[in-house]
Amino acid sequence: MSNLKQIRNFSIIAHIDHGKSTLADRLLQETKTLTDRQMRAQVLDSMDLERERGITIKAHAIRLNYKASDGVIYQFNLIDTPGHVDFTYEVSRSLAACEGAVLVVDASQGIEAQTLSNLYLAMENDLEILPVVNKIDLPNAQTQQVVEELTDLLGCSDSDVIRCSAKLGIGITELLEAIVHVIPPPSGDPDAPLQAMVFDSIFDSYRGAMPLVRIVNGTLHTGDRIKFFSTNKTYEADEVGYLRLGQIPQEKLRAGDVGYLFASIKQVGDTRIGDTITSVANPAKEPLPGFVDVKPMVFSGLYPAIAEDFTQLREALEKLKLNDASLVFTPESSTALGFGFRVGFLGLLHMEIITERLSREYGQTIINTVPNVEYHIHKTNGEMVVVDNPAFMPPAAEIEYVEEPYVDAQIIVPSEYIGAIMKLGVERRGEYKTTEYLSTNRASLTYSFPLSEIIFDFYDKLKSSTRGYASLDYGLPYYRRSNLVKLDILVNGDPVDALSVIIHREKAYYWGRALNEKLRQLIPRQMYEVVIQAAIGSKIISRATVKPMRKNVTAKCYGGDITRKRKLLERQKEGKKRMKQFGTVEIPQEAFLAALKIER
Amino acid sequence: MQLGLYVHFPFCTNTCSYCDFYKERYEQTLEKQFFHALRIETELAADDSAIQNAEIVSIFIGGGTPSLVNPDLFADWLSLLKRHFVVGDTIEFTIECNPESVTLTQMQVMRELCVNRPVFGIQSFNTDTLQLLDRKHNPFHSQRAIYYANALGFRNFGVDLIFGLPGQTSKMLAKDLDQLLDLNPPHISFYQLTVEEGTPLARRVANGEIALPDQELLLAMYRGGVEQMSDFGYHRYEVSSFAQPGFECKHNLRYWEGGDFLGLGPSAHSFIQDQRFANCADVHTYISSLQSGKLPRVIDKSGNEERMTEAIMLGLRMSQGISRSAFAKRFGVPIEEKLDREQFNILVESGHLIPDKGNLRLSDEGIYLADEITRRLIK
Chain A
1 MSNLKQIRNF
11 SIIAHIDHGK
21 STLADRLLQE
31 TKTLTDRQMR
41 AQVLDSMDLE
51 RERGITIKAH
61 AIRLNYKASD
71 GVIYQFNLID
81 TPGHVDFTYE
91 VSRSLAACEG
101 AVLVVDASQG
111 IEAQTLSNLY
121 LAMENDLEIL
131 PVVNKIDLPN
141 AQTQQVVEEL
151 TDLLGCSDSD
161 VIRCSAKLGI
171 GITELLEAIV
181 HVIPPPSGDP
191 DAPLQAMVFD
201 SIFDSYRGAM
211 PLVRIVNGTL
221 HTGDRIKFFS
231 TNKTYEADEV
241 GYLRLGQIPQ
251 EKLRAGDVGY
261 LFASIKQVGD
271 TRIGDTITSV
281 ANPAKEPLPG
291 FVDVKPMVFS
301 GLYPAIAEDF
311 TQLREALEKL
321 KLNDASLVFT
331 PESSTALGFG
341 FRVGFLGLLH
351 MEIITERLSR
361 EYGQTIINTV
371 PNVEYHIHKT
381 NGEMVVVDNP
391 AFMPPAAEIE
401 YVEEPYVDAQ
411 IIVPSEYIGA
421 IMKLGVERRG
431 EYKTTEYLST
441 NRASLTYSFP
451 LSEIIFDFYD
461 KLKSSTRGYA
471 SLDYGLPYYR
481 RSNLVKLDIL
491 VNGDPVDALS
501 VIIHREKAYY
511 WGRALNEKLR
521 QLIPRQMYEV
531 VIQAAIGSKI
541 ISRATVKPMR
551 KNVTAKCYGG
561 DITRKRKLLE
571 RQKEGKKRMK
581 QFGTVEIPQE
591 AFLAALKIER
Chain B
1 MQLGLYVHFP
11 FCTNTCSYCD
21 FYKERYEQTL
31 EKQFFHALRI
41 ETELAADDSA
51 IQNAEIVSIF
61 IGGGTPSLVN
71 PDLFADWLSL
81 LKRHFVVGDT
91 IEFTIECNPE
101 SVTLTQMQVM
111 RELCVNRPVF
121 GIQSFNTDTL
131 QLLDRKHNPF
141 HSQRAIYYAN
151 ALGFRNFGVD
161 LIFGLPGQTS
171 KMLAKDLDQL
181 LDLNPPHISF
191 YQLTVEEGTP
201 LARRVANGEI
211 ALPDQELLLA
221 MYRGGVEQMS
231 DFGYHRYEVS
241 SFAQPGFECK
251 HNLRYWEGGD
261 FLGLGPSAHS
271 FIQDQRFANC
281 ADVHTYISSL
291 QSGKLPRVID
301 KSGNEERMTE
311 AIMLGLRMSQ
321 GISRSAFAKR
331 FGVPIEEKLD
341 REQFNILVES
351 GHLIPDKGNL
361 RLSDEGIYLA
371 DEITRRLIK
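Top to bottom, those sequences are chains A and B.
Heads up: the first sequence at position 442 corresponds to 442 in the numbering used here, and the numbers run straight through without jumps.
Heads up: the second sequence at position 344 corresponds to 344 in the numbering used here, and the numbers run straight through without jumps.
Take these hints with a grain of salt, some might be off.
Unchecked claim - Interface residues of chain A toward chain B, partial, derived using beta-carbon atoms under 7 Å:
hint, residue
1, Met-527
2, Thr-545
3, Met-549
4, Tyr-558
5, Arg-564
6, Thr-584
7, Pro-588
As the list claims (entries may be wrong) - Result set (DSSO-like, lysine-lysine): computed pairs, CA atoms no more than 30 Å apart in a straight line:
hint, chain 1, residue 1, chain 2, residue 2
8, A, Lys-573, B, Lys-301
9, B, Lys-171, A, Lys-556
10, A, Lys-556, B, Lys-301
11, A, Lys-577, A, Lys-319
12, A, Lys-565, B, Lys-32
13, A, Lys-597, A, Lys-539
14, A, Lys-577, A, Lys-547
To be verified - Footprint (simulated), chain B over chain A, 3 or more residues, beta carbon under 8 Å:
hint, region
15, 236-248
16, 550-557
Rather than coming from a laboratory, the hints here were simulated on the basis of the structure.
Built from N, CA and C at the ideal position, the CB exists for glycine as well.
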């Protein structure tokens with residue numbers, strides 16, 4: 001099937017929980033792409049973690065054959081996109097591999113922030129939009145109202161919007177037909193020099209990285225020598241093909257095709273998303289546009305709970321790195337926590353996923369420090385230093401000013417909650433920009449926020465102050481000047497580096513006091529008094545003390561008590577390994593984790 | 001070989017609210033069966049090649065309430081013991097007594113059986129306190145018991161006093177001690193109340209009915225008690241043990257110094273040739289096991305490392321501390337090798353630990369925190 005006219009490349013885009021995965025399942029079933037036995041619920045989300053959290057972390061691409069009402073068999077390439085703001089760039093590259101996007105909106109929820117941001121990404125990539133209202137079977141569905149929201153937004157007519165229920169299989173045939181008729185076939189010259197765009201890369205433990213590609217121009221044959229533009233590295237294409245539940249090898253992939261490639265590439269880091277592959281024999285002059293070297297936005301120190309596990313932690317991170325190109329780590333050390341790593345993440349979700357995988361798949365117990373963004377410190381000597389670890393913040397006297405990343409955010413909310421959003425906006429140092437009404441009772445607010453204020457618990461806050469109705473999305477960060485200080489926590493006068501944070505001056509006092517109080521509760525009484533202080537530079541802003549232990553001795557220890565008491569000591573000795581010794585003070589690991597739970 | 005002997009007499013007529021020792025309600029028939037089993041156990045134990053012909057150097061009858069014992073059954077068992085072991089007539093021979101069950105006749109019989117150290121569980125002279133503890137005696141019983149001991153010429157006897165009770169003040173404790181010191185007992189066990197899991201007292205604390213004193217008050221009480229006793233010529237030789245010179249309990253010192261001891265009766269522990277073992281804590285299982293000719297023992301499979309931990313843990317509780325030479329001789333390594341160097345230095349620096357040439361011991365301040373210090377010190 002090499003006729004371009006019979007190919008349709010598309011993505012399904014939606015706000016989280018609007019039913020994207022169920023719809024994808026239904027398309028697979030309807031086109032008999034998978035047998036019923038292969039059909040597990042939401043097959044596209046293959047990692048356990050994805051299943052559990054109900055979100056797609058990695059994008060996938062699967063080929064479907066659909067016999068349309070005109071009797072022609074069409075080749076559909078369904079490219080799944082990750083559904084979280086941490087992965088905006090990946091989404092944009094997946095969309096760039098398509099000609100159209102199925103925009104799914106929940107009939108009971110209406111348009112949400114992610115619906116819009118994904119839509120804008122699709123429009124930036126010149127995709128044809130196929131609007132779909134899903135879950136029309138729900139008792140609280142407001143199908144007609146949502147259809148109107150969509151026609152207003154897209155300027156299309158009522159009849160262009162497909163009404164469906166992926167769960168019950170209603171409207172699926174209409175959708176398949178619309179894909180044929182609305183979404184344009186790909187263009188491209190199969191005889192031109194090869195330009196293949198990498199839109200995802202998956203790690204196979206036996207065969208290395210498996211980039212997923214869209215052939216934009218030219219033809220990629222098994223056995224071709226290929227080259228990646230961004231790295232200039234060359235490989236031999238061992239195998240090309242397309243994906244069903246597994247890989248289906250082909251002789252070649254031609255312009256317009258979507259498929260996979262094996263070329264004995266050791267790690268996915270060598271197959272950068274958005275990069276262009278060309279052939280060594282007949283190279284394209286230029287790469288495809290749109291490649292960005294994605295940088296991590298959130299940084300945290302990861303330390304083994306037990307010092308001896310450092311090497312194991314390194315090995316686990318190296319293994320995770322094999323199939324997660326965005327994971328960045330460098331060794332660091334802390335006086336309080338010993339040896340560990342500074343790890344960069346795309347966002348907080350990414351961080352949670354990595355720490356959870358470390359514990360689940362590699363059995364690592366991790367202490368992570370308060371995550372922070374990357375700061376630009378402009379020094380009085382004109383030099384600019386990038387700081388991703390509060391410990392490396394230069395002394396205040398050397399600092400001219402500090403910049404932190406800001407993002408433009410969009411919040412969509414029923415109008416009755418605008419007040420709640422405004423309040424939250426102030427608390428999070430947001431700068432209000434505009435309000436637009438999507439309908440009489442739904443508004444879209446734009447803000448600029450310091451990234452550090454919204455990547456942590458902002459989303460939960462947003463949800464709880466709007467009874468779950470608000471939705472949020474934001475774009476790529478840019479740097480702005482801010483009044484930031486480094487806040488240290490001192491224990492008996494010595495700073496505990498792992499507890500330092502860079503924080504806005506106005507929030508420092510509250511943070512310091514809250515953390516002091518938490519620590520006072522979590523650090524057990526010791527033989528000596530423990531003084532906990534929060535300080536900015538040499539100025540102490542709050543103080544708490546853990547009173548010393550006064551009496552701790554078993555009253556009776558006779559013949560029958562000895563074994564029991566010894567066993568207790570042995571258990572305590574095991575527990576001691578999990579304590580961090582800091583001068584004469586033993587700090588339990590919970591104390592470090594407590595810092596993560598302080599509200600901003 | 002020298003051996004201390006402990007016998008657990010597992011019967012009481014009453015359950016005290018704080019007690020977690022193994023005991024059953026006293027019944028004459030069960031007591032008979034118990035003594036029958038105890039005789040078998042004594043014979044079987046004597047067959048053990050490890051302790052054959054051992055010389056018993058101290059006897060301690062604990063419980064339970066040993067003062068309830070039927071003197072005939074006790075005398076019979078004692079003569080059986082003497083057939084199997086060397087038992088001198090002048091060794092320290094202790095029996096625990098509840099003040100209310102002490103009679104002159106019974107004390108006289110005990111004296112004739114060579115018991116030379118009754119220990120009275122007085123606990124307090126405050127009737128409210130005694131009630132809280134569910135003790136069945138009153139201050140008069142306590143005074144009477146000690147009067148009997150003196151009248152019968154017991155040169156050595158001991159008393160137990162508890163402190164740190166819910167609602168107790170330093171003043172109340174000082175008053176208790178005053179009354180106790182008036183009776184001039186050669187030995188005082190001065191215990192902080194331990195709320196043991198599963199006791200009625202623990203339940204009352206858990207549901208908030210009663211509140212325990214805080215650490216500050218406990219420390220003040222303990223310090224005050226130590227001072228008051230010291231003024232009357234008692235010296236502390238272990239955390240909770242105070243004696244007039246020469247009246248330290250030899251049997252207990254054996255436990256702490258790593259000497260061998262044999263424990264008979266349900267729930268009794270033994271330590272023989274560096275091995276610890278314990279009898280099952282159920283009198284019925286104990287009896288049936290012995291009737292079928294089997295010792296009801298569970299062996300603690302631990303070795304040299306554990307022995308060293310124990311030696312440090314027990315040694316630091318004693319005022320004399322741990323003898324470096326005795327430790328090195330027993331284990332073949334200097335004690336420092338078993339201790340966390342960094343903590344050792346911190347503790348010496350802060351004055352809690354005193355590294356004398358001969359002995360390693362805790363200061364007064366150190367004794368208050370002995371558990372915490374041991375935890376920090378052990379490598």
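> Are A:Lys-565 and B:Lys-32 close enough, with their CA atoms no more than 30 Å apart?
Replying inline: violated, 33 Å
> Should the interface hint for A:Tyr-558 be scored as holding, given a Cβ-Cβ cut-off of 7 Å against chain B?
Replying inline: Result: holds, 6 Å to nearest chain B Cβ.
>> Between the region 236-248 of chain A and chain B, are there enough contacts, at least three residues with CB-CB distance under 8 Å, for the coverage claim to hold?
In response: Since 0 is below three, the answer is violated.
> CA of A:Lys-577 to CA of A:Lys-319, is that 30 Å or under?
Replying inline: Since the Cα atoms of A:Lys-577 and A:Lys-319 sit roughly 26 Å apart, the hinted pair holds (cutoff 30 Å).
> Do three or more residues from the region 550-557 of chain A put their C-beta atoms closer than 8 Å to C-beta atoms of chain B?
Replying inline: holds (count 8)
> Given the proposed pairing of A:Lys-577 with A:Lys-547, does the C-alpha separation stay at or below 30 Å?
Replying inline: holds, 23 Å
> Does the nearest C-beta of chain B fall within a distance shorter than 7 Å of the C-beta of A:Thr-584?
Replying inline: Result: holds, 5 Å to nearest chain B Cβ.
>> Tell me if the straight-line CA distance from A:Lys-556 to B:Lys-301 falls inside 30 Å.
In response: Holds. A:Lys-556 to B:Lys-301 sits at ~23 Å (cutoff 30 Å).
> Does the nearest C-beta of chain B fall within a distance shorter than 7 Å of the C-beta of A:Thr-545?
Replying inline: This hint is violated: A:Thr-545 lies away from chain B, its Cβ roughly 14 Å from the closest one there, beyond 7 Å.
> Hey, B:Lys-171 versus A:Lys-556, does the alpha-carbon distance stay inside 30 Å?
Replying inline: holds, 24 Å
>> Hint validation: A:Pro-588 versus chain B, beta carbon distance must be below 7 Å. Holds or violated?
In response: violated, 14 Å
>> Holds or violated: the hint that A:Arg-564 contacts chain B, with Cβ atoms closer than 7 Å.
In response: It is violated, given that the least Cβ distance between A:Arg-564 and chain B is near 10 Å, above 7 Å.
Violated hints, listed in ascending order, are 2, 5, 7, 12, 15; each of the other numbered hints is respected by the structure.
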